[in-house]
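Participant: Two chains, two frames, a set of hints: combine them into the complex.
Going line by line, the protein sequences match chains A and B.
Position 107 of the first sequence, counting from 1, maps to 107 under the working numbering, and the rest follow consecutively.
Position 27 of the second sequence, counting from 1, maps to 27 under the working numbering, and the rest follow consecutively.
Honestly, the hints are just simulated from the structure, not real lab data.
The beta carbon of each residue, even a glycine, is placed where N, CA and C say it ideally should be.
A few of these clues could be false.
The calculated DSBU-like cross-link candidates involving lysine-lysine, where the alpha carbons are at most 35 Å apart (straight line), are [stated by the list, open to error]: (1) A:Lys116 with B:Lys63; (2) A:Lys31 with A:Lys14; (3) A:Lys149 with B:Lys63; (4) A:Lys28 with B:Lys31; (5) A:Lys28 with B:Lys26; (6) B:Lys63 with A:Lys245; (7) B:Lys45 with A:Lys14; (8) A:Lys14 with B:Lys26; (9) B:Lys26 with A:Lys83; (10) B:Lys45 with A:Lys28; (11) A:Lys144 with A:Lys116.
Only some residues are given here: those of chain B computed to face chain A with a beta carbon under 10 Å [claimed, not checked]: (12) Leu8; (13) Ser15; (14) Gly79; (15) Leu83; (16) Leu111.
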Amino acid sequence: MPGATDTKPTKPLKNPCNLCQSVRAILKRPKTGQQLCKECFFHVFETEIHNTIVDNKLFNKGDRVAIGASGGKDSTVLAYVMKLLNDRYSYGLDLILLSIDEGITGYRDDSLETVKRNRDQYQIPLLIVSYKDLYGWSMDDIVKEIGRKNNCTFCGVFRRQALDRGAIMLNVDHIVTGHNADDIAETVLMNILRGDLPRLQRCTSIITNDTSEDSSGIETSKILRSKPFKYTYEKEIVMYAYFKKLDYFSTECIYSPNAYRGHARVFLKDLEAVRRTAIVDIIHSGEALSASVQANESTKLPTMANCTRCGYISSNELCKACLLLEGLNKGLPQLGIGHTTKIRRMHEAANLASGLSSPVSLSSAVADGSAEEKVKVVTHIKDLGQLETMPTLDSV
Amino acid sequence: MSQSDATLRIELQFSGGMELLFDNQKTIHAKVPAFFPLDTSAEDKHAATIRDLISWTASNLLKERPELFIGTDGSVRSGILVLVNGADWELEGELEYELEDRDEIVFISTLHGG
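Only chain B is shown next, with the shape it has when bound in the complex (with noise of 0.2 Å):
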């Protein structure tokens, strides 16, 4: 498989309303690119990391309402938590955590009423 057919997968979870905008659907198991193109060039490609999956996820999973979901600087809207394998993301480096096949990644939104 040359580099830039290589997929990875991805459990994506959502919660606390996230689901809404993906249809309803709470687990969606996808398969991400494993290699993204650097900004500068086309050809160039690193490896992904969790900044790609959330503009991946929203260009290719997200059925309305993007700015729900993506924030500022292409990170999640404030107030959406996210974990990488069961731990906060904060712990993994955030957007630059580099993802491995078979991660689960959850988005919770803390944007409603308590």
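Isolated chain A, as found in the complex (with noise of 0.2 Å):
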């Protein structure tokens, strides 16, 4: 029998497969409760991934697709799953690795090796796209300079881009990220904890098109983006990656202990514990709250430009990379983070008015605000003194 050697010899065969019914079941599955066993399992765990593909219409014969491959669990499956699907179904899709450096010393320059090797293995092309070059910014300089309390948000949004800037660097129609099923369950917990309403309206879409932008400036390009994971469960992506041997990178960002997306993860995985179908549940409450905040969703959208700096789409003057790096370049650590448009005036009106020596003329400058605003605005700037000797924005 073929599961016998999975055994020991002194065993009967117990909890046999629900599907075959001859090899010992290796796994319970989240979804439903079912024991399958590997072979088992691997069938259903890429068929259930094509059907997703298939349903959704997420590609087209001859498509470029960029998978973003960062070499930890799901985007290492992805690849391996994403290339046999491929083959096996003849998607005729050209497939090519795409991996960010965002220049994390001790985290990615090691999961970077794990790509390296992916693209050995699987036999796929692999572009890696640094912040360094794109921003000139690393994320270790980045904290260094900010800490570590809005260091995520800097990093989502230059990845954002530069997975965008990769893509058009490659030509592709199309980018696939690893995001699973938990991820978007947590995603959806997030946006509501935080009253995000317009990202919670498109959270639990499988397909991002994305010419639209959202309240607090996040811009995105044409390049269509998909998640062929959002229905596979993160335990059956490790699971299956164990049993593959997939080679893939494990540990968590040295910089992520304070994000927030931790708070809900736990939060989550509790909630798991007493009920077993809440992952599958609350992406449902997501994608019907997605369809109310939509039918509601009251403000007019933006018109879209282009960046005056680097060219970017974008509905403000400076996309909203550009907006960080501003404040980067010119220590003004607060600058892009929370509600940016009482910042951007306040910094246009600082711009305007160079020479500045006390902090009367700032607030009076930003006319319209209450005086206890007025007072909130200007504790936004680090260091006061800075204004005066700043820079205008033409001179950078």
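Facilitator: The following block contains the structure:
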């Protein structure tokens, strides 16, 4: 019997696979509670992802598709499965690995070695794009400058744009990422907890095309992005990688312990322990809420133009990444964090009135604010003294 | 060998980053007591279960940060998968599974980026 070598010699076959009945089960599926043997698990795992791809019409024949690859569990399994399904079902896709080097020593440099191994193991070409090359700042530089409080915001914005830029360099139609069902459920929770309706509206979509922009100024390009693992449980991804002996890198980002997502993740895992359908239920709620937010959305869609600094799609003069970089380069770490309208206004006012000598002249430039608001606005600048000697936008 | 001295040879494997809590060892060949005291009585003992193994591992093998290994109710922290002889522990009774000599127990952490 094929399964006999998996069991210890003295044990009879127990826990037979629910599907094939002939081999010992090695996994209990979180999604269905089914007990499956290794081969049936592989088959079910791969086929469900194939069905997700086909049912949602994610690709067209001949598409060039970049796989966002970090060397971590999700992207490694994604690369493996995309290649497998592309071959098995003749999707006709041109697959490329696209990796972002944020410049995090002891984390990203190690995981990039894993991606290079994946390139060789799966025979898929690889492009690595680095923050240092694109922006002049690595995450190590950024954290040194601003500390550990908002660094994930910087990293997220920069990575999104870096992926788009990499995709443009590669001339791809589509980017796929390894976001799994657990991730999406966490994101739904986070967006509810933070009252982020625009993100809530988008986060359960399996495809994001995105010429749209949310109210906090995150811009995106026209390259399609999708999440083939939207309905795939993290536990199954890990078990798949384990039983297939796939090579992946597994350490927490050294700057992440303070990330808000960590709280949502712990909460979700605890919820799951009590009610095993928590993940799929939350995604379901998220999808329903998305339709609701969309129907009620009364903000007008901003007109899209191009960033005056870098040319990236933006509805403001400066795209979000350039705004954040501006803050970094001028020692204004709060620039671009939180609600940007006030800060942009204040920043423009500060530039107009160069040679300021006192906070009073600054706050009078923000004429519409109340007295309390003016006080709040002033405290956003880390070092008031810098304002007086600050170069204008043109001279940078 | 008296009951209180009997040990089981258990092979522990750590992956997904778990090994960092154990001095970067991916495999540890442990000798785990075969019997553990019942909660209520120090004299009566029961056959070792995975629940016992987890607390024993935390006390004897863990080099740092027990809260990254142990979760609520003496189980592993949420997000850590456990395999017993190559199978999901959910198929083997989870915490109540009784250890046998030469069992292979794998702890895989999923708590990291993808």
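Participant: Going through the earlier hints one by one, which of them does the structure break, listed in rising order?
Facilitator: The structure breaks only hint 12.
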